[in-house]
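Following the hints, position chains W, Y and S against chain E.
Protein chains: 4
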Amino acid sequence: MSTITQAEKELYLTLLDLAQKYPIANDWLANLPNWLAHIKDKARYANAPYYQSVVERLPNMDGKTIRTDFTAQNITFDVPLSQGEIKQTTALLKNLMPWRKGGFVIGQGEQSIHIDTEWRSDLKWDRVLPFISDLTDKRVLDVGGGSGYHGWRMLGAGAKTVVVIDPSCLFYYQFMAIRNFVGSLNNPPNLHFIPVALENLPFTTENNKQLFHTVFCMGVLYHRASPFDCLLQLKNQLLKGGELVLETLVVDGDENTVLVPKDRYAQMNNVYFLPSVPALTLWLQKAGFVDVKCVDVNVTTFDEQRKTAWMDYHSLADFLDPNDNSKTLEGYPRPKRAVMVAKKL
Amino acid sequence: MSTITQAEKELYLTLLDLAQKYPIANDWLANLPNWLAHIKDKARYANAPYYQSVVERLPNMDGKTIRTDFTAQNITFDVPLSQGEIKQTTALLKNLMPWRKGGFVIGQGEQSIHIDTEWRSDLKWDRVLPFISDLTDKRVLDVGGGSGYHGWRMLGAGAKTVVVIDPSCLFYYQFMAIRNFVGSLNNPPNLHFIPVALENLPFTTENNKQLFHTVFCMGVLYHRASPFDCLLQLKNQLLKGGELVLETLVVDGDENTVLVPKDRYAQMNNVYFLPSVPALTLWLQKAGFVDVKCVDVNVTTFDEQRKTAWMDYHSLADFLDPNDNSKTLEGYPRPKRAVMVAKKL
Amino acid sequence: MSTITQAEKELYLTLLDLAQKYPIANDWLANLPNWLAHIKDKARYANAPYYQSVVERLPNMDGKTIRTDFTAQNITFDVPLSQGEIKQTTALLKNLMPWRKGGFVIGQGEQSIHIDTEWRSDLKWDRVLPFISDLTDKRVLDVGGGSGYHGWRMLGAGAKTVVVIDPSCLFYYQFMAIRNFVGSLNNPPNLHFIPVALENLPFTTENNKQLFHTVFCMGVLYHRASPFDCLLQLKNQLLKGGELVLETLVVDGDENTVLVPKDRYAQMNNVYFLPSVPALTLWLQKAGFVDVKCVDVNVTTFDEQRKTAWMDYHSLADFLDPNDNSKTLEGYPRPKRAVMVAKKL
Amino acid sequence: MSTITQAEKELYLTLLDLAQKYPIANDWLANLPNWLAHIKDKARYANAPYYQSVVERLPNMDGKTIRTDFTAQNITFDVPLSQGEIKQTTALLKNLMPWRKGGFVIGQGEQSIHIDTEWRSDLKWDRVLPFISDLTDKRVLDVGGGSGYHGWRMLGAGAKTVVVIDPSCLFYYQFMAIRNFVGSLNNPPNLHFIPVALENLPFTTENNKQLFHTVFCMGVLYHRASPFDCLLQLKNQLLKGGELVLETLVVDGDENTVLVPKDRYAQMNNVYFLPSVPALTLWLQKAGFVDVKCVDVNVTTFDEQRKTAWMDYHSLADFLDPNDNSKTLEGYPRPKRAVMVAKKL
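As you go down the protein sequences, you meet chains E, W, Y and S in turn.
Counting from 24, one number per residue, gives the positions in the first sequence under this note's numbering.
Counting from 24, one number per residue, gives the positions in the second sequence under this note's numbering.
Counting from 24, one number per residue, gives the positions in the third sequence under this note's numbering.
Counting from 24, one number per residue, gives the positions in the fourth sequence under this note's numbering.
Warning: the hint list may mix true and false statements.
Identical copies go unnamed one by one, so any copy, or any two together, can satisfy a pair.
Each computed SDA-like pair below joins lysine to any residue, with the alpha-carbon atoms no more than 25 Å apart [said to hold, decoys possible]:
id : residue 1 : residue 2
1  : Lys-359   : Ser-249
2  : Lys-183   : Gln-29
3  : Lys-285   : Asp-252
4  : Lys-32    : Glu-229
No lab work stands behind these hints, which were simulated from the structure alone.
All values derive from a computational prediction rather than experimental measurement.
Bound conformation, chain E alone:
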C-alpha cells in the first residue's frame, strides 16, 4: 500500500466519528485501505499514476484564505492565483479531460478558470432541489457522483456530511483536483469521495443502523444489468425514514412498458432497462420503498448537455438522428430523464 493524502485522512476522520456510534462504519473503515489502494493500482488503472502526478503538481493552497460558494451555478473557489499559476493550473486540469459534470470556477475575477463541463449540472439540481427533503445537518450519499459537482451542491444545501462514491479512476482524481482548492480551512468541507461501486459497499441487516438520511443515485440505474439489485443496495444504505432521490432514463408507457435497447442507446454501451414512470414506480414499491413520487420528467436539451472546451468529444447533438431530433441515432426515443423520490419505511 502507499501513503494516504490529507483528503483521505479527513475521510478517515469522518468515518471514525461515525464508528463511535454506528457499527457499520467500522466495516467501511476496514475496507477503506483496500478501496484506496485499488484505485491507485496501476495494474488496474494504467493512468492512475499520471492523474496522481497531475493533482500533486497543482498549486499548494496551504495557509491561503479562500472564499467558496457551493450554492451557485458554478462551484466556486475564490482563491488568489498568479497569471502563471492560472496558466499552469489550466493546463494541468485539461489533462484530466473529459470533464462531464460541473461547472467549476477557480480563481478571482477575470483571472479565474472556468471548467465548463459537458453537463450544466446545475440545471438538474435546480429542478430536483425543491422536491426533496431538507438536507440541513443530514448525512448524504451520492452514488455515481462523478467529479463531485452535486456533492458540493448538497454541502451548499446544508448537509453535514456528504460521501460521493464512484468507481471511476478519472473522476476520483478530478474530485481530488477540485478539492485541492479548499486550502487549509479550519473546518475542511465535510465532502468525501470513495472510489468504490455501490455493490461493494458494506451491507447491514441491523435495523436503523445505516449511515445516511438521504441517498442520491442519478444517471446510474440504466447502466445496471440488474435494476432490482441496485434499488435494494440503495435502500440498504438508508436509515429508516430516509429518502432516495433516483434519476434515470425513462420511456413513455404503462406499468408493463420497459425498453431494453438491443445494442447501444444514444451511442452508449451498457444500457439495460429503460422503464416507463409507472413501471419504475412499481419497481420502487416492489423493492420496499413507500411514498414513491415522480418529481421531474425532462427531455434533455442541447443547453444542458453539449460539447465544450473541457469535453471536446461527441455529446448529445451527435447521438440524435440528424433528420429527426426526437429519436436517437439507433431509432429509439430521445433521452428523457425522470427524477423519483421515495422513502424507506
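Just chains W, Y and S now, kept in the frame of chain E:
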C-alpha cells in the same frame, strides 16, 4: 468436512476426466469439496442430517441386477424389492416430500412404487425434445434441475454426461434417493447432481474451453432478480456453437412488454420479470445468443401441474382466481410458459 | 462489528498520521478493525463482555483536571475521587485480577488506590533504562507489554509514541481501565494498546519504511516455540539503526548450551528454549542484529515477584524447590533473566 | 488453472478412496488443485514450463510391458528402448540436473540409463529399514522426499500407498520424469508426489482420523527455523500408534547441547538447530512422542555423498576442511546424521 459417498466419488471421476482436457474443470474440482460440505452443513440446512439419514436407510442395491428405462413417462428402476422393502421405501421417500418434478417408478409390476409428482414433467419434455439439438454423446448441464427428472430423460436421449445443478438441499437428497436404485451397474449412469447455484459456478473467459454442448434452464429465469446476469452465466457454461434451452413464464405483448408483479405471482414469492416472447427474444440477442427461436408456448393445465399423494399441498388450481381461471389469484394473466432455443456464437 | 471507543479512536488517529508518511501504517489501518473486533468476540473470549462492562462502569473523567506521573515507581494518576468512587473503583479493578505488571496509583493522598501488582516492574525498568538508547521523541513498540506499565514508563522517558501489543484479552481491558484515568487532557497520552500477537503484525520488505525506532520484547521469547521466527519478526518492526531490547530467561553455559524443559518450567506451561547468554548472543547475530550486548543478568528475587492483594495466587516462592531455592520445583536452575540490547543494521 | 496429467489423476483417485473413509482427505482434495497450479506457475518457478516440456518429450510408454524392481540399490524400470530413445532420454533427464537422491536405472542391459545421483540413497535405506515397523499394507508419508527414491523403496517394502511431499519444483518434475517409465500397468504404482510443504498440509484435531501409519522425515529438520513446529506438524499426520522416522544432523553432547551455526554449515544456508541425540530425544518427548529411540548414527562418507555425472557440482568433499576432514569448512564438526524412531500415543 465429512466423508464422500459413492455418488459423489463418481461425480469426481467425471470431473477428473474432464480436467485432463479442460482447465476449467479443475476449478470445478477445487470448489467441489466446499459445495458438498455446504449442502450438508446443518447450520445452514437444519434438515440436512435428517434427509441424509433417510437416504442412508434406503435398501442396499449392491450386486442387484436392475433394468432401467430413462425414456418413458416415468423414470423407471425395475428392481426386485420385497413387500417389506416396498413399504419401508415408500415411507422413507414420503419423508422427502414435497416431490415436484417426476414421475418415478421403483420396483416391479404391482409391487412398484410410483412417485406421482406435482408436475407431469414428461409433458414438457415431450413438447421440447423435438426442437432441440440431438443430445447423443453430448455433455449437458441442467440448471435448476430439481429432483433430476429431466436429467434422467437427457441421459435417455443419448447424452454422454449430464450435470444437474440446484441449490436446494431437499432436491439434492431427492436426487440421491432416486440414484440409490441404480444399483451396482458396471457403468453407473453418468448423471450427477451438484448442489450449487448457477451464479456460483466457475466462470471462464477462455475461448471455447467450456464444458457443455447444451445447457437447459427451465423454470428459473422468472425467479432471478437479474435476468441478464442469468443469461450471461448460462452462456458462459456453453461451448462455442452450443445450445441453450430456456423455459420461463411469459406474457402477451410486444418487444417492450414486461410484467413485473408488485408482490406475489400465482402465490409465488420472488418473481421478478415476465417478458413477452418478443422481449425475451431481444434479451437473448442482447446477451449474445443467435438463432433465437421460440419453440413452444403453453398455458399450464391442471393435467400437468396438480396436487398428488406426493405433493399434497397447494398447486395450480389453488393459485388461480376461482371465478376466472384465466387469471391468477392476484389478477395477473394465468401462467403461460415459453421454451426458447438459442445458440452461442 | 461494534462501535469504537475514544481510546481506539485515538489509536486510529496515531496510525493515520503515520499513514501519511509510511505505507506500512496503511496495512495496520486495514487490520485494526478486525483486531479490535477479535478481542471483543465473546465466542473467543468468554469474559470480554464482562471485562468491557467493568471498564465502562469506571468513574467518568471528562473535564477533570488530572496530574500524572509516568516516571516514578508507580504510574500515578492524581485525580480527585470521592470516598464512594474510590470504593467502587477498587471493587471494579479487582474484578480484573490477576494484575501482574505495575504498580499503579489512582487518586489523591490517602484516598488513593494502589494497584500493587505481582511484579515490581519498576525494578526491571531501572536496571534496563541506563543501557538503552535515549527514547526522546522516538516511536516505540512494546511486544507482550501486558497491562502497559512499561509503556507508560517509555512515555515518561520521552517517547513520542508508544504502541503496546499483547494478545491477552484481560490485559487489553486492564490497560483500558488504567487509561480511563487520563481524563480529557488536551493532548491525550500517545500510548496505545493493540490486542494482536507479534506474528500477526504487518510485515514489510521495504527498506527503512518500518514504524519503530525501538522495540522492546520482555518476557516473551521463552514462550515462543520458534525463537528465530520471533527475532526476525521483531527485526521487521525496526527502522534501520533501530534498537531491540530483549529480555528472556537464560541459563549458564557456552554457545552451544540451551535448556529445553521437557514439561513445565517454574510451573509455567509453554516454555521452550532457555539459551545461555553466549547462545542468545549468537542467535541475535544469526538473525541479523549487530552490536549485540548483554546489559543485565538478574536472578529474580522475592522482592521483585511475589503474591499481593492484587495477585493472590501462586507466585515465585511457590515455583521454587522449598528445600533448595536455587532450583525450580522441577529441578531446573532458578529463573534468571538477561536483558540484551542489539541494533538493526 | 491448467489441465491435469495421468499421474495427477491417479493421485486424485487415491485421495478419493481415502475421502470415502477419512474426512481429512476431503481437505486434501480441496487444496490439491491449488497445490498443483502453484508448482506450475511460471511467475513463481521460472523453470516450470521448461521442466514440464522435458517430461512431456520423454518416450511414450503406453501399452509397453515393463518390469520394475523397487527393492534393489537402484530403482529399476526394465523397459525396451531403442538406441535413439536411450540417447534422447539421457539428454532430457540431464536437463533436470542436479539429481541428488537415487539411483535409478531405466532400460535394459547395456542399453540402460543409470542415473547415478549425488547420494547413494540405498545406503541410508539399508541402515534404517531393519529398525522400523513393517510397512506392509501401510499408508506412508515421506516429507521432503526429493526425487522420490525412498518413496519407491517404501513401495518395494510393501507399503499400500506412499505420498511424497516436497515443495521443490525441480524435484516434482524429476519425480514425474521417473514415473513416466511405469508405463500402462494395470495397477499403477500407488506412489504419489504432492508439491507442498509440510506446514501447509491440512491439520486435523479429530482423534485418530489422520491418514498415515508411518511418516518419514529425513534431511529436513535442520533446515527448519522452528524444530518444534516441525515435530508437531509431523505428529499431526500420524494415526494413533503410528510411527515417525526422523533423520537429521546431530552433534555430540548432552541434553542441553545444541549447535546453531552462525552462518553456513558445510556450505549450506538455512541451517538452524543441530541438537545432540539426547537433546533430540527430549524434544521428541516434549512434542508428545513416546518410545523414542535412536536407531542409527552415521558420519557421512565420500562413498555415500559425492560428485557424479548427474550432479557435477560441489559435494561433501568440497564442504570439509581440506586439512582436517573431521571438520567442515566453517570449523564445525563434520556432518553426522542420526535416525530416530518414535511413536504417537
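We went through each hint and held it up to the structure:
no., hint, result
1, Lys-359 / Ser-249, "both (20 Å within a copy, 24 Å between copies)"
2, Lys-183 / Gln-29, "both (19 Å within a copy, 21 Å between copies)"
3, Lys-285 / Asp-252, "both (21 Å within a copy, 15 Å between copies)"
4, Lys-32 / Glu-229, "between (28 Å within a copy, 23 Å between copies)"
Hint compliance for this structure: no hint is broken.
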